[in-house]
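Position chain B relative to chain A; hints supplied.
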Amino acid sequence: MNDNLIDKSFVKNPGNSDGILNGRAFKFGDNISTDLIAPGRYFHLRSNLPELAKHVLEDADPQFAEKVKMGDIVVAGKNFGLGSSREHAPTIMKLAGVGAVLADSFARIFFRNSINIGLPVLVCDTSSIDQGDSLKIDLKSGIIKNISKNTEIKFNPLPDVMIKILSDGGLVEHITKNKGFNL
Amino acid sequence: MGKTIAEKILSQHSGRDLVAGDIAVVDVDVVFAQDGTGPLAVSQLRKMNFSSVANPSKSIFFIDHAAPSPRKELSDSHKVLRSFASESGAILSDINGGVCHQVVAEHYACPGNIVIGADSHTCTAGALGAFATGMGSTDIAVGFALSKTWLMVPHTIKVNFEGIINKGVYAKDLIIYLIKKITADGATYRAIEFSGSLSNGLEMEERLTISNMAVEAGAKAGIFATDAKTADYLKKQQRGDCFREIFADNDAVYEQVINIDCRTIEPMISKPHTVDNAVSVGKIGEVKIDQVLIGTCTNGRLSDLRIAAGILKNKKIAKNLRLIIVPASADVYLDAIKEGLIEIFIKSGATITNPGCGPCVGVHQGALAEGEVCLSTQNRNFKGRMGNPGGFIYLSSPATAAWSAVKGYISDPREALK
Numbered sequence: 000m001n002d003n004l005i006d007k008s009f010v011k012n013p014g015n016s017d018g019i020l021n022g023r024a025f026k027f028g029d030n031i032s033t034d035l036i037a038p039g040r041y042f043h044l045r046s047n048l049p050e051l052a053k054h055v056l057e058d059a060d061p062q063f064a065e066k067v068k069m070g071d072i073v074v075a076g077k078n079f080g081l082g083s084s085r086e087h088a089p090t091i092m093k094l095a096g097v098g099a100v101l102a103d104s105f106a107r108i109f110f111r112n113s114i115n116i117g118l119p120v121l122v123c124d125t126s127s128i129d130q131g132d133s134l135k136i137d138l139k140s141g142i143i144k145n146i147s148k149n150t151e152i153k154f155n156p157l158p159d160v161m162i163k164i165l166s167d168g169g170l171v172e173h174i175t176k177n178k179g180f181n182l
Numbered sequence: 000m001g002k003t004i005a006e007k008i009l010s011q012h013s014g015r016d017l018v019a020g021d022i023a024v025v026d027v028d029v030v031f032a033q034d035g036t037g038p039l040a041v042s043q044l045r046k047m048n049f050s051s052v053a054n055p056s057k058s059i060f061f062i063d064h065a066a067p068s069p070r071k072e073l074s075d076s077h078k079v080l081r082s083f084a085s086e087s088g089a090i091l092s093d094i095n096g097g098v099c100h101q102v103v104a105e106h107y108a109c110p111g112n113i114v115i116g117a118d119s120h121t122c123t124a125g126a127l128g129a130f131a132t133g134m135g136s137t138d139i140a141v142g143f144a145l146s147k148t149w150l151m152v153p154h155t156i157k158v159n160f161e162g163i164i165n166k167g168v169y170a171k172d173l174i175i176y177l178i179k180k181i182t183a184d185g186a187t188y189r190a191i192e193f194s195g196s197l198s199n200g201l202e203m204e205e206r207l208t209i210s211n212m213a214v215e216a217g218a219k220a221g222i223f224a225t226d227a228k229t230a231d232y233l234k235k236q237q238r239g240d241c242f243r244e245i246f247a248d249n250d251a252v253y254e255q256v257i258n259i260d261c262r263t264i265e266p267m268i269s270k271p272h273t274v275d276n277a278v279s280v281g282k283i284g285e286v287k288i289d290q291v292l293i294g295t296c297t298n299g300r301l302s303d304l305r306i307a308a309g310i311l312k313n314k315k316i317a318k319n320l321r322l323i324i325v326p327a328s329a330d331v332y333l334d335a336i337k338e339g340l341i342e343i344f345i346k347s348g349a350t351i352t353n354p355g356c357g358p359c360v361g362v363h364q365g366a367l368a369e370g371e372v373c374l375s376t377q378n379r380n381f382k383g384r385m386g387n388p389g390g391f392i393y394l395s396s397p398a399t400a401a402w403s404a405v406k407g408y409i410s411d412p413r414e415a416l417k
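Protein chains in written order, with numbering that gives the first Met the number 0: chain A, 0 to 182; chain B, 0 to 417.
Simulated from the structure, these hints should not be mistaken for lab results. Beta carbons: idealized from backbone N, C-alpha and C, even for Gly. Some hints could be false.
[As the list claims (entries may be wrong)] Chain A side only, calculated, beta carbon under 8 Å to chain B, not exhaustive:
# : residue
1 : N21
2 : R23
3 : P38
4 : S46
5 : S84
6 : P158
7 : T175
[Stated by the list, open to error] Straight line, CA to CA, 30 Å or less: simulated DSS-like cross-link-like pairs of lysine-lysine:
#  : chain 1 : residue 1 : chain 2 : residue 2
8  : B       : K147      : A       : K178
9  : B       : K179      : A       : K26
10 : A       : K68       : B       : K46
11 : B       : K7        : A       : K178
12 : A       : K176      : B       : K46
13 : B       : K71       : A       : K53
14 : B       : K318      : A       : K139
15 : A       : K53       : B       : K78
16 : A       : K77       : B       : K46
17 : A       : K135      : A       : K53
18 : A       : K176      : B       : K57
19 : B       : K46       : A       : K26
20 : A       : K77       : B       : K270
The shape of chain A in the complex, shown without the other chains:
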C-alpha cells in the first residue's frame, strides 16, 4: 500500500477550512452496492488502494474513474453502499477524488466507514439533482446549493459523535489524539 498517498487523503479534514465543497454531480440510482463500488474480482488489489481506485464504481459506470475530478460529488438514490463491509469502497472513492456522497439514504456500514475515513456522506433529497450539475456544499450550515439550477437543498445534520470523529480527521486520528474514545 502506498502509505503516503493514503495518509494525505485520510488525515485531511473534509473540505476547505471553511467547510465548503465544490464539485460536479455524478448521478447514480438506488441500491448501489459495495460490489459495484469495489468489485470482488479486484479482491487482490485491496492492499494496493491507488490501483484499486482505478476501478472505483466500475460496474455502475465503467468510465467513472476516468471522468471523476478532485472534489466531484457522487449523488445517489436510496440505500447507497449496501452489502459488504469492505471499507475499501469509501476509501477508493475518496482516493479517486470524490469530495462527498449525497444520497436519499445510506446502508449502515458504508455510512460509518465513510465517517471513519473522513469522507462526508450526507442524507438529503437528491431527486432534483441531475448528472453534471454544479454543486456547492456548506458542511457547517447544512445547505447544498445547486448552482446549475439555482436551488438549495438542506441535508440532515450528522450525529454529534460522527461530527467529533470527522473533525478529528477520522477514527484513527480520534483514537490517537484522545488515547481512546472521547465521544
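Frame of chain A; chain B shown alone:
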C-alpha cells in the same frame, strides 16, 4: 419500561441504562476480521501504534475469502495477517478453518455477547442470542486495540414467524420471504428480533441461516432469544458453560411488529440483482442454469448438506452444469465425510472444494463467464458478486439448489420430496 434484547445486551456492556436511540461506548467480547478486511485493519492498528490486542483469546483473524491463496498479492495479505496474529497473540484461523461466521458460531460467540466483525454477515451470531454486527476495518482495528466500540442502540423490529412450515420450505425461504416483504433497506439501522411459535422451534443451524441474512434487509443485528436449543448446541460444541438466558422483556417497546403466517410461504427464489427481487419458485418460469453453489456462511452447514445429499443420492447432475459444494467449516466437512454425504455428492457429479467462502465473493473457485446463470445458496446476488458483472445470480435454499442441479433449470424441490 421493558427492554428489547438489543437494549439489554448493550446496557450490560456499557454500565448505563440504555434505550433505543442512545449512543454509548460499549465493551466487546469477540472481535474478528477476515482476509479481505483484516490487512487494512492491521494497517490501521499500526497507524495507532498498536502491536498487541486487548483480548487475544477472543480476537481472531480468519483466512477464508481467498483460501488457499489464488495469487501472490493475496498470499502477501495472508502473510500480513499471520505475522500480526503471531506478534499480537491474536488467534489465526488459517485456510483450513472455514468461513468466519460458521467458526465464530461453533467456537467463540456466546449468548449475551457483543460480537463485532469486519464482515457484513457478522450478524450470523445473533442466532445464539448475541448482539453481533458488521463494521469496517477501522472500527474493527479499534475493537482489537481497545476491546471497545461505539454504537447507537438500535430500535427493534420484532418478526414473528408463526404456524407451520410446509414440506420443501426451509429457513432460507422464510428469510428471503421476509426480505422481499420489507425490502433491502426495510430494517436499516434496526435490530430484528426473530420470535413467534415457528422461530422457537427452529434448530440452531436454521436460526444461523436466518440471522445471517438480517443484513440483507439492512439490519444491524438479527437476534434470537436463547432456549433449550441454544443450550444443546453449545453443549454439543463443548461450550455449555457459556449458556445464559437471553430474552426480551414482555413489555419491551418495538418500533414495529411483523407477523408472518408461514403456512403460505413456498420455496423462494431471489432474482438478479437484489435479494428483495424475489418470487416463489412456481413463478420463476424457465431459467436454465450453468452453475449451482451449495455452501457459504448462509447454507454450508451439516443440515444443509444433508438436505442436498438426500436429493442428490443416486442421481446425476444435469449435463453441462457445474455443481460446487463448499462445506462452511472443517468441522462440517469432517462430519459430512463421516456421514457419507461427500461420497453422494461426488457420485452425483459435484465438485467439492475446501471449507471457506468458495466462489461467493467472486475471487476464485467458480467465477461466472459472461452471461452465465448461477443458482446459489449464498446470501446476496448483487451484480458482479461472483466475479463477473455479466453473470446472473439467483438465490435459493439448498433443497431448491440441489434439485435444480439435477434438472438443469430452476425447479421446485417439492417435486423431489414427493
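Broken hints, numbered, in rising order? Violated hints (numbers, rising): 1, 2, 14, 16, 19; every other hint is consistent with the structure.
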